[in-house]
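> What follows is the residue order along each chain.
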Amino acid sequence: MNSNGSEGNARSKFLVGIVAFVIIVGGIAYAFYGPQKHQGYAPDQPIPFSHQMHAGQFNIPCAYCHVSVEKSRHATVPAMNICMNCHRFVKTDSPHIKKLTQAYNDGKPIPWIKVHDLPEFTYFNHERHVAKGVSCTTCHGDVQNMAKIKQVAPLTMGWCVNCHRQPQYNAPTSCDTCHR
Amino acid sequence: MKKYWASLEELNNDPKFVEQAEKEFLSSPLVEEGDFGRRDFMKLMAATGALASTACFQKPMHKIMPYVNQPEEVTFGVANYYASTCGECAASCGTLVKTREGRPIKLEGNPDHPMNKGGLCSKGQASLLGLYDPDRLRSALKTQKRGEAPSVKVSWEDVDKEILVKLKKSKSARILTKTINSPSLLKLLKEFGSKFEAKHVVYDAVNAENIIEAQYLSYGQKVLPQYRFDKAETIVSIDADFLGTWISPVEFTKQFSKTRKLSAKKKNMSELFVFESMMTVTGANADVRGGIKPSQAVYVAMAIANELQKKGLNAGANSETYKKYSLADEALNKKIKSAAASLYNAQGKSLVVGGNDLALQIVVNQINSMLKNDGVTVDYSVSKSHQLQGSSKEMLELVKEMAQGKVDTLIIYKANPAYTLPKSAGFEEALKKVENVIYVGTSLNETAVLSEYALGDHHSLEAWGDAEPKENLFSLQQPTIRPLFETRSLAETLMIWLGKEDDWHSYIQKYWNENIYKRHSLKSSFTQFWETSLRDGVFEAVRNRAQETSSGRTFRASVANYISNKAHQGMEVSFYETLALGDGELANNPWLQEVPDPITRITWDNYASFSTNTAKKLGIQNGDIVKIKIKDQVLEIPGHVQPGLHDDTIAVALGYGRSYGGSVGTGIGKNAFMYAQFNNNNVSYLGFVDEVKKTGEKYILASPQMAQSLLGRPIVKEATLSQWQKDPASGNKEHHNLITLWTPHKYEGYRWAMAIDLNSCTGCNACVVACQSENNIPVVGKDAVNRSRIMHWIRIDRYYTGTPEDPQVVHQPMLCQHCENAPCETVCPVIATMHSDEGLNSQIYNRCVGTRYCANNCPYKVRRFNWFDYNYGGQNKYPKTLAQNPEVTVRSRGVMEKCTFCVQRIQDAKNTAKSLERPVKDGEVKTACQQSCPADAIVFGNINDADSEISKTVKNERGYHVLEELNVKPSVTYLTKIRNVEYNS
Numbered sequence: 001m002n003s004n005g006s007e008g009n010a011r012s013k014f015l016v017g018i019v020a021f022v023i024i025v026g027g028i029a030y031a032f033y034g035p036q037k038h039q040g041y042a043p044d045q046p047i048p049f050s051h052q053m054h055a056g057q058f059n060i061p062c063a064y065c066h067v068s069v070e071k072s073r074h075a076t077v078p079a080m081n082i083c084m085n086c087h088r089f090v091k092t093d094s095p096h097i098k099k100l101t102q103a104y105n106d107g108k109p110i111p112w113i114k115v116h117d118l119p120e121f122t123y124f125n126h127e128r129h130v131a132k133g134v135s136c137t138t139c140h141g142d143v144q145n146m147a148k149i150k151q152v153a154p155l156t157m158g159w160c161v162n163c164h165r166q167p168q169y170n171a172p173t174s175c176d177t178c179h180r
Numbered sequence: 001m002k003k004y005w006a007s008l009e010e011l012n013n014d015p016k017f018v019e020q021a022e023k024e025f026l027s028s029p030l031v032e033e034g035d036f037g038r039r040d041f042m043k044l045m046a047a048t049g050a051l052a053s054t055a056c057f058q059k060p061m062h063k064i065m066p067y068v069n070q071p072e073e074v075t076f077g078v079a080n081y082y083a084s085t086c087g088e089c090a091a092s093c094g095t096l097v098k099t100r101e102g103r104p105i106k107l108e109g110n111p112d113h114p115m116n117k118g119g120l121c122s123k124g125q126a127s128l129l130g131l132y133d134p135d136r137l138r139s140a141l142k143t144q145k146r147g148e149a150p151s152v153k154v155s156w157e158d159v160d161k162e163i164l165v166k167l168k169k170s171k172s173a174r175i176l177t178k179t180i181n182s183p184s185l186l187k188l189l190k191e192f193g194s195k196f197e198a199k200h201v202v203y204d205a206v207n208a209e210n211i212i213e214a215q216y217l218s219y220g221q222k223v224l225p226q227y228r229f230d231k232a233e234t235i236v237s238i239d240a241d242f243l244g245t246w247i248s249p250v251e252f253t254k255q256f257s258k259t260r261k262l263s264a265k266k267k268n269m270s271e272l273f274v275f276e277s278m279m280t281v282t283g284a285n286a287d288v289r290g291g292i293k294p295s296q297a298v299y300v301a302m303a304i305a306n307e308l309q310k311k312g313l314n315a316g317a318n319s320e321t322y323k324k325y326s327l328a329d330e331a332l333n334k335k336i337k338s339a340a341a342s343l344y345n346a347q348g349k350s351l352v353v354g355g356n357d358l359a360l361q362i363v364v365n366q367i368n369s370m371l372k373n374d375g376v377t378v379d380y381s382v383s384k385s386h387q388l389q390g391s392s393k394e395m396l397e398l399v400k401e402m403a404q405g406k407v408d409t410l411i412i413y414k415a416n417p418a419y420t421l422p423k424s425a426g427f428e429e430a431l432k433k434v435e436n437v438i439y440v441g442t443s444l445n446e447t448a449v450l451s452e453y454a455l456g457d458h459h460s461l462e463a464w465g466d467a468e469p470k471e472n473l474f475s476l477q478q479p480t481i482r483p484l485f486e487t488r489s490l491a492e493t494l495m496i497w498l499g500k501e502d503d504w505h506s507y508i509q510k511y512w513n514e515n516i517y518k519r520h521s522l523k524s525s526f527t528q529f530w531e532t533s534l535r536d537g538v539f540e541a542v543r544n545r546a547q548e549t550s551s552g553r554t555f556r557a558s559v560a561n562y563i564s565n566k567a568h569q570g571m572e573v574s575f576y577e578t579l580a581l582g583d584g585e586l587a588n589n590p591w592l593q594e595v596p597d598p599i600t601r602i603t604w605d606n607y608a609s610f611s612t613n614t615a616k617k618l619g620i621q622n623g624d625i626v627k628i629k630i631k632d633q634v635l636e637i638p639g640h641v642q643p644g645l646h647d648d649t650i651a652v653a654l655g656y657g658r659s660y661g662g663s664v665g666t667g668i669g670k671n672a673f674m675y676a677q678f679n680n681n682n683v684s685y686l687g688f689v690d691e692v693k694k695t696g697e698k699y700i701l702a703s704p705q706m707a708q709s710l711l712g713r714p715i716v717k718e719a720t721l722s723q724w725q726k727d728p729a730s731g732n733k734e735h736h737n738l739i740t741l742w743t744p745h746k747y748e749g750y751r752w753a754m755a756i757d758l759n760s761c762t763g764c765n766a767c768v769v770a771c772q773s774e775n776n777i778p779v780v781g782k783d784a785v786n787r788s789r790i791m792h793w794i795r796i797d798r799y800y801t802g803t804p805e806d807p808q809v810v811h812q813p814m815l816c817q818h819c820e821n822a823p824c825e826t827v828c829p830v831i832a833t834m835h836s837d838e839g840l841n842s843q844i845y846n847r848c849v850g851t852r853y854c855a856n857n858c859p860y861k862v863r864r865f866n867w868f869d870y871n872y873g874g875q876n877k878y879p880k881t882l883a884q885n886p887e888v889t890v891r892s893r894g895v896m897e898k899c900t901f902c903v904q905r906i907q908d909a910k911n912t913a914k915s916l917e918r919p920v921k922d923g924e925v926k927t928a929c930q931q932s933c934p935a936d937a938i939v940f941g942n943i944n945d946a947d948s949e950i951s952k953t954v955k956n957e958r959g960y961h962v963l964e965e966l967n968v969k970p971s972v973t974y975l976t977k978i979r980n981v982e983y984n985s
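Quick note, the sequences are listed as chains A and B, same order. Be aware that the first sequence starts at 1, since it is given in the working numbering, and climbs by one per residue. Be aware that the second sequence starts at 1, since it is given in the working numbering, and climbs by one per residue.
Any given hint could turn out to be false.
As the list claims (entries may be wrong) - Here are the simulated lysine-lysine pairs, DSBU-like style, with alpha carbons at most 35 Å apart:
1) K132(A) to K261(B)
2) K910(B) to K132(A)
3) K63(B) to K132(A)
4) K914(B) to K114(A)
5) K114(A) to K955(B)
6) K310(B) to K91(A)
7) K310(B) to K71(A)
8) K108(A) to K63(B)
9) K195(B) to K261(B)
Just so you know, the hints here were simulated from the structure itself, not pulled from any lab data.
Generate the whole structure from the sequences, applying the supplied hints.
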């Protein structure tokens, strides 16, 4: 055992004190800045794609690009060939489209930054929610007015469950609905 | 009541064992690891906690890489299935490959394949990991100097240029392969052979050449028959492990288990007699089992023949020979008599099979002929087997030619004679005399490192191919992933060396068009035929296999010519293949190394098994290292005490002790191939022992079941067939009057439950590996297994009953029982384990803080704790991580886990059903273990649906819950084991 008399005792008390301090301060900071911090997250993307223009101004339906939203748990960021469907002809002189075309021709994907990033132990299913008639905007906000995409909803478990608990939705609340 | 025991220590009430069993928990791992005590641990945990809480501040940034051009058939998050053919052994079962975003993540048996009908063995399941093996040969390599391992990367163009020059100069080339039953590849090899005068030599280390030879000597036809266990009412196996390792085990298990099912309509089942030297899964499932010496096998067969002729069957010219020999062992003779009686009563619907010994096979053939089984259960014409065509004899002839300098070019495909041939065969020396040695295979091995070139081959999941495992049964193998590395399949290589313009895929198509399409009775174009075959994975040219029978052939061999006059006295070693490793090619597959042997329950090693009497005589206990002298060689190996062995038999597994087997497989166990009996003409896997000695040294054999005990509780239940026929509930009478304080759960909608038929389960381990693959279960290694930290969610407990000399075995798959009153749920301080409203006991990883209270409170010991980050870093390097199932969370350190009833599959089925606006249909959800089971022992489904199979099964009188008296109300029902035998005691 590790007993050096009173000197050792004092030292370990000091250590315990520091540890306790860190845990308490850390815990408070986490409570204030932790989960909610993702709300409002709006990183710069490699190409400043505007949903305001595409979904708002031109009224392109969400599922035109997010093709698997109705048939998979992932809505997916569209494959680049979908961008090129239009941008082979549209606005080809824009530097951003040039960058896109260049990447497409090189066979290199654009490394988009994930905004709505659920933890890996959470299995959210787009297909089910869309089939139930949950609108995209319920969780993703007013996308057609966002020049830069931003996380609007907290996307925390409490926020999910609040909806699932509403009797009118008849949604499952078992843990294994989302965690497996 | 019958007494069951999990280990000999338990049977003998070993004081040490009793003390350990009382303790309930094996040890405290925190004290066990040296000085690192509980206090230190708490301190460290506090510090880690502080660090962990500060680490949460930064949101990790993840990137999304979209497809550049999304393939049409890929929907993100939705699996695609492709029918293909398993490339792991020559049995060539049909598979369904589950792919996600273009990478295979799970292999399943193809339910439409007439051979394996949905089942797939542990090796087949594990071949997925072989695809992502980091030790794979990633390109073409060339040696710097002959004799050194090939290490210099060369481009395929250079390889082709250099080798073509050599081939053109070559006068006598040979191609050495394992069994190839791909008709297209065989045709290509023939073309190659005629162009470059290269003879094709087929070598399987463990083969069936004596079966084929004996067929020739008995009937004048060189054939490996197709055995029909499904048509047999009495089966006698003499050293043929047909449920585990023999020729086509999945198919045979499917057939056999069909004859063992019992229901209100089917009141009878087949009877299985097994005489064997090692205890195998076949012996474990026998109604009557006799332990013999390997050299005794033929005498057992002759004794059966003699009994049959006593009953009036005609043994022809061999009649006198059969009368001449007798066995001294009275107990064994009694079993032989009952086997013969049962065979006699089932003439024309019985089957005798035997191991790879010429004399034995000739006698077996005669018995089958005497019983009129020939042409019925022994099918020699309609769908004879192409599965195991290799021969040691031809291999040894090749070695002789090589030694004489008669071979100048040798192309070796996958075969590994440097490892599997005994040293005295002189393969290595002979190979030095061959000018050009080219090895083609998926990884470097003992033979490859002696070659000049080592050419990286595609894995079978990356390449086109076809197979004809049985005559008239054709299957296709299609690539399910783009080759991971710069590899090229043997077929593609040969096409280039032959100067062919088209590619291998069109070569196969052409072959199918010319040879197979015309046997297709329907009127469709070839393209339609090809696409249908590709979708189904299989095409059968003969309809109604079940109806086909032929007349018996005339038996004409004289047994006396093949029997040595004197039976061997003294001890013998039987070298056997294990279910997991086979001939050792798969030694680098950690799933297969860690899956416990179904009988000995030992992982990560081979060992010498002794009978209990012999072990006592020699003073051997588990783990004592022994020296076994066989001729001029000494095998030093840890000993193991195995109930049920003949006192003069030592059993040692083949397939271990690889000296160049990759980062996992190298140096595990001892290479038993080196000690096989070898003469100039042939190799047989038995050794005559001159001396056995204990060295006094100890070795740890890691087993997950060593310290488990039944503590006298009725965990397995069984009855005999006649008892069951009189009363279906017999053996299952003991029930408890249970009262409860809990308010019962209400299950509206679905309620999931499982039933496991102990009578069907053979203990083959397919479910264990299937579960490991489906649920991202990590491998922990030998040391951790020894500390009871194995991670398998489903394990197969093995219990003995009877005496250690003549035990009977029960296998019991044990997994989370998803109890209604789950003891784990009530003790979790953070509610990380929850009861779902569909009866599942869910484990929520992100809530779990790792107190392990739940595991301590689980009466079934099925919860598994992640002591380390098994899934990240170190052992799990690229590309192994690609094998993981994206639908299941990859658990990290400090988290408890256990069977989920494959909740991801349940959710998937529910999702599909909801989209189609109907409830989930019965049979739509198949758990991974259930799907892979070759014996169909597992039933799963919604118990709230009164018409479902599971609802009917749980009402069976044979159904019982393990540890019913605890009133935890498990969702898993076991059905009693039924033996087709009358107890003597």
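> Against each hint, give a clear statement of whether it holds in the structure.
Hints, verified against the model:
With a C-alpha separation of about 44 Å, the suggested pairing of K132(A) with K261(B) is violated against the 35 Å cut-off. Annotation: proposed proximity of K910(B) to K132(A) holds, straight-line Cα distance about 14 Å (limit 35 Å). Taking the CA atoms of K63(B) and K132(A), the gap is about 29 Å. The hint holds against a cut of 35 Å. As the CA atoms of K914(B) and K114(A) are separated by approximately 29 Å, the hinted pair is consistent with the 35 Å bound.
Distance hint between K114(A) and K955(B) is unfulfilled; the C-alpha atoms sit about 51 Å from each other, more than 35 Å. Using a Cα cut-off of 35 Å, the hinted pair K310(B) and K91(A) is violated, with the two alpha carbons roughly 96 Å apart. This hinted pair does not check out: K310(B) and K71(A) have alpha carbons roughly 70 Å apart, beyond 35 Å. A distance of roughly 14 Å separates the Cα atoms of K108(A) and K63(B); the hinted pair therefore holds under the 35 Å criterion.
Among the hinted pairs, K195(B) with K261(B) is inconsistent with the structure: their alpha-carbon atoms are about 54 Å apart, more than 35 Å.
The structure is inconsistent with the numbered hints 1, 5, 6, 7 and 9, although it conforms to all the rest.
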